[in-house]
Every structure is written in C-alpha cells, then in structure tokens.
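Protein sequences appear in the order of chains Y and F.
Under the numbering used here, the first residue of the first sequence is numbered 1, with each subsequent residue one higher.
Under the numbering used here, the first residue of the second sequence is numbered 1, with each subsequent residue one higher.
Source of the hints: derived by calculation from the structure; they are not laboratory data.
Ideal Cβ positions, reconstructed from N, Cα and C, are used throughout, including at glycine.
It cannot be assumed that every hint is accurate.
Chain Y stretches covered by chain F per the calculated footprint, using a threshold of three residues with CB under 8 Å from any CB of chain F [stated by the list, open to error]: (1) 30 to 37; (2) 78 to 84.
Listed next, the in silico DSBU-like pairs over lysine-lysine satisfying Cα-Cα at most 35 Å (straight line) [claimed, not checked]: (3) Y/K122 / Y/K229; (4) Y/K229 / Y/K172; (5) Y/K142 / Y/K122; (6) Y/K229 / Y/K131; (7) Y/K54 / F/K108; (8) F/K137 / Y/K122.
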Amino acid sequence: MTTSATTASAVSVRDLRKNYGAVEATRGVSFDIFPGEIVGMVGDNGAGKSTLTKMIAGDVAPSSGEIRIGGTLVQSSSTTWARDHGVEMVYQDLALCDNLDICANIFLGREITQRAFIGHWKLSHDTMMAKAQNLLNMLEVKLPNLREPVTALSGGQRQMVAIARSVAYEPKLVIMDEPTAALSVSAGQPVLDLIRRLPQRNVAILLISHRLSDVLTTADRILVLRRGKIAAAVRASEIDEAELLRLMAGINVPNED
Amino acid sequence: MNVKVGAHAGSVQAAVEPIVSRQSLELERSNWRIIILIGATIAIWVGFHIWTGVFISPRNLSNLTVQAAITAVLAAGLCWLLVAREIDLSVGSLLAMCGVLCMLLMQKAGINAYLTILIVIFIGIGIGLLQGGLRVKLGIPSFIITLAGFSWLRGLAYVLSGAETLSGAGDTFYEVANGQFPVLLSLAIILLLAAAHLYSWLRAYTGLIGPQRFERRPVNLVILALSIGASALAVWVFATRRGIPYPLAFLGLLVFVMEYSARNTRFGRYVYAIGGNPTSARRSGINVDRMVLCLFGLMGALAAIAAIIQTSRLDAGPPNVGLFVNLSALSAAIIGGTSLFGGEGRVLGAVIGALLMASITNGLSLAGVDTFYQMIITGALLIVAVSADHAAQRRPK
Ligand SMILES: Nc1ncnc2c1ncn2[C@@H]1O[C@H](COP(=O)(O)OP(=O)(O)OP(=O)(O)O)[C@@H](O)[C@H]1O
Ligand SMILES: [Mg+2]
C-alpha cells in the first residue's frame, strides 16, 4: 500500500468505517488516488462502494477514520465543502436538469454573473456559452446546439455533459458511480473514451462499475471491495475478468486477517 | 443530429461564432406557444366584437385589463410555484383575508391608505412564509399545507370581519384600482416602451445597431410585428380618453421583472432547475428549501396585492370574495402553458391565459349570456389547451 506519498495524493482515505446500526457498510478501508490516475472500484452488491463514495463526497459522515482531500483533512462532512475542495461526483442518473439547456446544466449552481443596471447580478450568457464551448472542445466532446435543452440529447450525450460539468472547475477528484449503467454498451463507449481522456487534465478519477470489462479497459488500478473491506488492489494490465470475479466473490483467495 | 455537419464546418464557423451566438431553442418554443395564445385571444376579441358590436372599444378593453389583473397577478405567482413543483390552493382565501384586513385597518384602526397597503403586503408575505416554512420544515406536500390554508384563512376572514362586509375606504384607496395615469403620461410611457423594444430588437437581431447577437428567425419577426401592433392598440386604448389603469401598470412591471429574472438571474434559473430535477439542483449546491420558502413569500405578497386591487375595485372587503379565483388563476397558468409537473411555464403565458379567460367572461356578459356558460367554456378550454400541448410535445420526438 502507498503510505509515504500521502501529501501528493488527490484523495487519501485511512481506516474508514461506517456503521448503519448493526450493518457495517465499510470496515476499515484505506487507499490513495493520485492526480492523473483512474482507479476502478468493483465489488458485489452491498459491498459498500456507494457508501464509500458518499463519505468522500461529504454526503454521509463516516463512523470513524479519516479522509484527506489534496492533503487537507476533512473535519466535518458536507457536500458543499467537498465540492469547494475539488471533489465532484457524477451520478448514474438524475444528473441533469432536463428542462435547462446544455450550457445552463454545465454551470448549474456556479453561474457566472456580472453587475448590470440598478446593481443586480445578471447572468453572463455570452461568457458562459464561450466557456462551455471551450470546455467541450478541449474534451473533444461534440454536441449539437448548446442552447438545446438536454431532453433532446441521447443518454450517452447526457452523461458526457454530466462529466464535462464535473471537470469544469478543475477538480482534484471526480467520483463516478456507475456512469454507464443506464447506457447500452455502444452508447457507453464514447463516455468511457471521454473518461480515459480526463487524466490529461491532471484529475484523479474513481470509477465504480459493475461492468468489469469497462473497468479493465478504462482504469489504471482496480480496487476490489468485499463486504466492506478492500480484498485486493491490482493493476488493470495484470488481471483478467475471471480473476477479478474470483476476487470479488472471495473464492480461492486466502482468508484476510 | 447534425454533429457531422458542425464538425465539417468547424473552421468556417469559428470566425462567425463570437458574433452570432445561438438562441435558446426552449425559449423559441415557448415564444411560439405564447404567440398562438395571443392569436387565440385576438380571435376571441374579434368574435365577440362581431357578436356584440362593442367589445373592441377603448372603454371595454381598459375595463377588461383591470378585470384580468387580479387573476393575472395570482396566476403569475402560481406559475413560478408550479414550475418549482409546488402549488398554492390558499391564494383565494388569503385574498379574502387581506381584503378584510384592508378595510379593518382603514376603518376600524384609522390607518391611512398607504400604510395599510404596506401592512397588508407584509402580512401576505408573512403568511406565505409561514406556509412555505411548514412545507419545508415538516416536509408535508404544499398541496396539503395550502389546502389547510384554503380553509383556515377563509375562516379567519369571516372571524375578523364578523361575517360582515365593510365598505367605503376613502378616495386614496379607491384610486388604487380605479385610477389611471394621465393620458399624456400614458402616451409617453407607451411610446417609450415601444421605442425601447424596437431598439433592443434591432440591436439583437439585425446588427444595424451594435453587434448582432441572434439569428433572424421567423419567431422574432412575429414578435416584432406583435409588439408594433400591441403598441398601436395601447395608444388607442390608453392614450385617447383614459390613461393606463394603475393595476395594469403594476401587472406590466411584474411580468417584466419575472420574465427578466427567469432568464437573467440565478434565482429565476434555479426556480426552473428545481422544477426540472430537484435532486440535481440540490446536488449542484442550490438551497432548494430556501428557494421554495422565497417562492411562497412571493406568492403571499402577490395575493396581498391582488387583494388590495380587488378591495379597491369593489370599494369593499367582503369575506366571501374570491371563492373561485384560486382555480381560475390555476387554470390561467395552465392554459398559459405551465406544467403541473414542474419545470415548464412562463409568467407571460400565465398572464395572457388570465386575459384570455377574462375576455370570455367579459364578452359573454356584454352579449347578455349567463356567466355560467363561462365556467363550461373554461373547462373546455383547459382540456383543449392541455391536449394541444401534449400533441405538440409528442410530434417532434
Ligand atoms: N442508508 C442506509 N441505511 C442502512 N443501511 C445502509 C444504508 N446505505 C447502505 N446500507 C447498507 O450498507 C451496505 C453497503 O451498501 P452500499 O450501497 O454502499 O453497497 P454498494 O457496494 O454500493 O452496492 P451496489 O453495488 O448494490 O450499489 C449494504 O448492506 C446496505 O444495505
Ligand atoms: Mg451502489
């Protein structure tokens, strides 16, 4: 395990535990993710993946353990704090406001404004349009008219808007909880391609997916979570799907302490 | 989609893009909808004019706007509440309660008209915030909270008034709904607004004045034609014998501010974001609870203002006033294109919906037809408007 380079890591998690009453959702999880790295996380249903991501995103308070974002220790759980410190989350669904256009969705909650008459703050439509276009160009995402409501987009395009939105403010860590689960394999492909391009922007990515092939082709490292613990940490290039399945199920693996 | 075309023409477009930014397609769609609604209203006017011979006259149209204003002010507030997936069933009762308060404050407490107006608006905001607070803190659907309000506010109106109708509030208060701006000032206001609209239109769409920001699409030409027509009509109605009625001036200001905010402020955008997807709005850092609270406060203020107009118009504060105004205002908002499921709707549409409904009532009473027919027509209209929306939404998919 990497313990020496804590200060350089984008996120560092130490002995993180969460109990829901008698249920131990995570039982002492530790790992680091470094800038420019895609880390995949796999595990059976109920292994604790979502709980883990929610704790890092500030949505759920850990029972014990510590989280550092870019070296800063998280004192109290808050999604706004996490966002302000560079943790972004891409959700499987419910990610966008269907009735707003692409540009409005990318800037939702962080609109750029300027002073206008009688001193009120007016949305800077032109600036936001230009920045959104810039961002999408940089990410090589091609979309029709940015003033089109996102209802008009396909599932894959919507997820790309959600991902573009998550990296718009130079985050340290982007957590993606099953970003392709709602998409067909062919629609998910451009989304995975986009995810692979993100490390160029020096962002760390935690990718959670039940599609092992997606994780194997996209991630650099893979963490296997089993019953709230990390059962294995492997390089994606050194493992295949069958082996991964065995690790997830805990077959043919010596008992962990 | 024409992604390939865009990619192919990329290098050519790059030079043009900074000048002509694309317009919101959603806005264009809702503009067409409002244009159709205005067309329907004009058709109704012409129909009634042929029938009665007196409908399209400065006197009647001026009356009509004041009649519509009360429902329209409520419909504007309801529009935003509906957009944010909330509802208010108590506005009619709040209107009656505020009307009773107006008369009590002036007659029993001897407070002057201006101070009374101020106090009543604050009480309206207070009750709106109370209901919004209950909604947010207890997490009970606004349908239920305001259904309770529908009952207890009406009861309060009866208790406060002792079930009696106080009337006669004095000249100052009477002027609020029955007074008008002087004719010359009205003419100046209309011409100024027309000139301002023409200027901004030329600027945005033609590039004749300043940089061209939008494409010249058919919808924008129709808007220009409508605004010229509306200005001409306004000069005839409001600048010949009687000026612009105060309630209409307030309504106009309200529509402008709310439409402007919807497009150009964070608050307005968040109202729509919450309606589109409350979860996503919350995750984006929008304080949904505070927004909902503000919207209920705004609704309270608007209900109080509608009450002031109503009370001044009748020169009385009966506790049983506005029994149906709540449902008419809801109908107006829905006919105007507001979705009951949130995220969709415009204040301008809701207000024109109110005007359309008032036109039917007014026309039927001019024709000497029982106003009961108006209820039947409103019902039919609701179904026609909503099913037309459904049909229009299904087609492009
Ligand atoms: N809010 C909660 N209250 C009680 N128990 C919970 C809660 N959230 C999660 N759990 C429990 O914690 C454990 C881990 O759940 P979690 O959602 O993190 O798993 P997961 O790995 O994301 O599973 P999946 O692959 O199904 O998404 C499960 O046993 C679950 O029942
Ligand atoms: Mg999960």
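Tested hints:
no.: 1; hint: 30 to 37; result: violated (count 0)
no.: 2; hint: 78 to 84; result: holds (count 3)
no.: 3; hint: Y/K122 / Y/K229; result: violated, 49 Å
no.: 4; hint: Y/K229 / Y/K172; result: holds, 24 Å
no.: 5; hint: Y/K142 / Y/K122; result: holds, 28 Å
no.: 6; hint: Y/K229 / Y/K131; result: violated, 41 Å
no.: 7; hint: Y/K54 / F/K108; result: violated, 59 Å
no.: 8; hint: F/K137 / Y/K122; result: holds, 31 Å
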